[in-house]
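Letter by letter, the chains look like this.
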Amino acid sequence: MCRALAKEYGVFAKFLLSYDFAFLGIVLLGTNKECFGFCRRRCRFNPFKKCNMLCKTPDELEFTAAASVVSAFYKLKDDLSDGSFFKTLPQRLLYPFFKRYNKKASVKFPPLAEKAEAFYFAHQSVEQSANAGIDRSADETAKMLGFMFAFFAENEKEGRILERLGYCIGKWVYLIDAYDDIDDDIKTGCFNCFINKYGIKSPADISAEVRGEINEILNMCISEADAAFELLDFYNFGSIIRNIICLGLESVREQTEKKKLEKKGNGKLK
Amino acid sequence: MNDPYEVLGVDRNATDDQIKSAYRELARKYHPDSYNGNPLSDLAAEKMKEINEAYDAIIAQRKGSGASGSAGGTAYNGSYNQNSGFADIRAIISQGRFEDAQVLLDGIPPEKRNAEWYFLNGSVLYRRGWFEDAYTSYATACRMDPQNAEYRAAMNQMKYKRSGQPYRTAGGNANGCSACDVCSSLVCADCCCECMGGDLIPCC
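If you read the sequences in order, they're chains A and B.
Under this note's numbering, the first sequence has 104 at position 104, and the numbering climbs by one with no breaks.
Just remember that this note's numbering sits 270 ahead of the position in the second sequence, which is counted from 1.
Please keep in mind that the hints were generated in silico from the structure rather than gathered at the bench.
Being a predicted model, the structure only gives us computed values, none of them experimental.
Heads up, a few of these hints could be off.
Claimed, not checked - Straight-line Cα separation of at most 30 Å, DSS-like style, residue types lysine-lysine; simulated pairs: (1) B:Lys317 - A:Lys197; (2) A:Lys99 - A:Lys87; (3) A:Lys115 - A:Lys201; (4) B:Lys429 - A:Lys197; (5) B:Lys382 - B:Lys317; (6) A:Lys201 - B:Lys317; (7) A:Lys103 - A:Lys49; (8) B:Lys429 - A:Lys157; (9) A:Lys49 - A:Lys115; (10) B:Lys382 - A:Lys33.
Unchecked claim - Where chain A lies over chain B, by a calculated footprint (3+ residues, C-beta under 8 Å): (11) 384-390; (12) 412-421.
Said to hold, decoys possible - Stretch-level coverage of chain A by chain B, calculated; a stretch enters the list once three of its residues show a Cβ under 8 Å from a Cβ in chain B: (13) 128-139; (14) 207-219; (15) 228-239.
By construction, the Cβ of each residue, glycine as well, lies at the ideal position given by its N, Cα and C atoms.
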């Protein structure tokens, strides 16, 4: 995926590589019947060691690279609309590059670009409505991921399963980010669905009960993602996708919670 | 039909007990109760049917009979309560038209929203992926009519999923594991780690 980013969008686009989109790439490749060939090549950021990589760049990874740059572009646009001129100066400098990436991705995958633009406006309207609940807040991100997961579906059945899987994962990703950002969002006053729901005014309001309820909400997303996963026969990477859903997501949640509890231990939370 | 041994994920030389155990495990996983109300429940039922047929076929083969028996008899009856005050909305939900059902439900004035309305509202929200609002709606339905088994079952199922038990207890490998799958998964994991500066398999 790193190479797909560099090939299509230039070497700096490699910095957009993330675990989220690597996971999307694995899921998309997982439903492809081909058994991919791997080869050993050097990476320019780690030139002394040969790495294993896919010999060719399949369409799925080109799509994942496009999804990464399009998402980064709209994230940047969102940041620019939120902050003051000086605070967002670095983003303003990056904007022309990201705009070019987005244009290139739009030519290659027009439905992705259309969907991403609609998502951006819908997402903004949700964040501007003061009383959006948890489900309403996460719905747009979840739908976007559902669309991406089902992009290469071969038939209606596969499409439904992948869309549900993507929806649940997308929802989980949105909610874990919101959980992680609670402390910052209290300070900055930015929109956060958990702050809205539980009326959190200071980090001290994140009680054990609130944390327990948030965990239940996150568990529900994983349980549903797992139920969808079980219905599809993945041709490749089935076991690794399963592990990420059942163990990886749980581990991220534990780390997020640990971070919050450590802060509490350091006196930042009372 | 696909190879019944492949469907159950067992070797052709597996013992009867191993086959039975694999069958039980898959039947538990895809049982209609696990997908009750899920928008993919029809696909789970299809999978369940395939598993039942595969099991019956293996048993028939091993007994030396070519004919396959009836498939487990676990056909899921998804029909709804006959005494419903919202029969039309229930019919729309069962057709998978969740957004239409939501529009109709939203059109019912608040004073006419009884326990069944909250249950149906929860069912539609759950199918749309709005799990938190669905949970609240199911809870209201149970509070308004605590004796209703249908509402309680939906609520209990959601509580179970929120506890994280379904994915924590599932374990095992869902898709079997070919040699290619093992190698490609390991190499892929190694690639991911190396891209992020780590290393899963130091020798490559």
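Hint by hint, here is what the structure shows:
Of the pairs offered as hints, the one joining lysine 317 (chain B) and lysine 197 (chain A) is violated, with about 39 Å between alpha carbons and a cut-off of 30 Å exceeded. Straight-line distance between C-alpha atoms of lysine 99 (chain A) and lysine 87 (chain A) comes to about 20 Å, which keeps the hinted pair within the 30 Å bound. With a C-alpha separation of about 35 Å, the suggested pairing of lysine 115 (chain A) with lysine 201 (chain A) is violated against the 30 Å cut-off. As the CA atoms of lysine 429 (chain B) and lysine 197 (chain A) are separated by approximately 19 Å, the hinted pair is consistent with the 30 Å bound.
Among the hinted pairs, lysine 382 (chain B) with lysine 317 (chain B) is inconsistent with the structure: their alpha-carbon atoms are about 39 Å apart, more than 30 Å. Restraint check: the Cα-Cα separation between lysine 201 (chain A) and lysine 317 (chain B) comes to about 48 Å, which exceeds 30 Å; the hinted pair is violated. With a CA separation close to 34 Å, the supplied pair lysine 103 (chain A) and lysine 49 (chain A) exceeds the 30 Å bound. At most 30 Å may separate the alpha-carbon atoms for a hinted pair to count; lysine 429 (chain B) and lysine 157 (chain A) meet this at roughly 28 Å.
Only pairs whose Cα atoms come within 30 Å are accepted, and lysine 49 (chain A) paired with lysine 115 (chain A) is rejected, the gap being roughly 39 Å. About 52 Å separates the Cα atoms of lysine 382 (chain B) and lysine 33 (chain A), which puts this hinted pair outside 30 Å; it is violated. Requiring three or more residues with a Cβ within less than 8 Å of a Cβ of chain A, the coverage given for the stretch 384-390 of chain B is violated, as only 0 such residues are present. Under a criterion of three residues with beta carbons nearer than 8 Å to beta carbons of chain A, the stated coverage of the stretch 412-421 of chain B fails, only 0 such residues being counted.
Requiring three or more residues with a Cβ within less than 8 Å of a Cβ of chain B, the coverage given for the stretch 128-139 of chain A holds, as 5 such residues are present. Residues of the stretch 207-219 of chain A lying with their CB closer than 8 Å to a CB of chain B number 4, which satisfies the three-residue condition for coverage. With a cut-off of 8 Å between beta carbons, the stretch 228-239 of chain A has 10 residues touching chain B; three or more are needed, and the interface restraint holds.
Hint violations for this structure: numbers 1, 3, 5, 6, 7, 9, 10, 11 and 12, all remaining hints satisfied.
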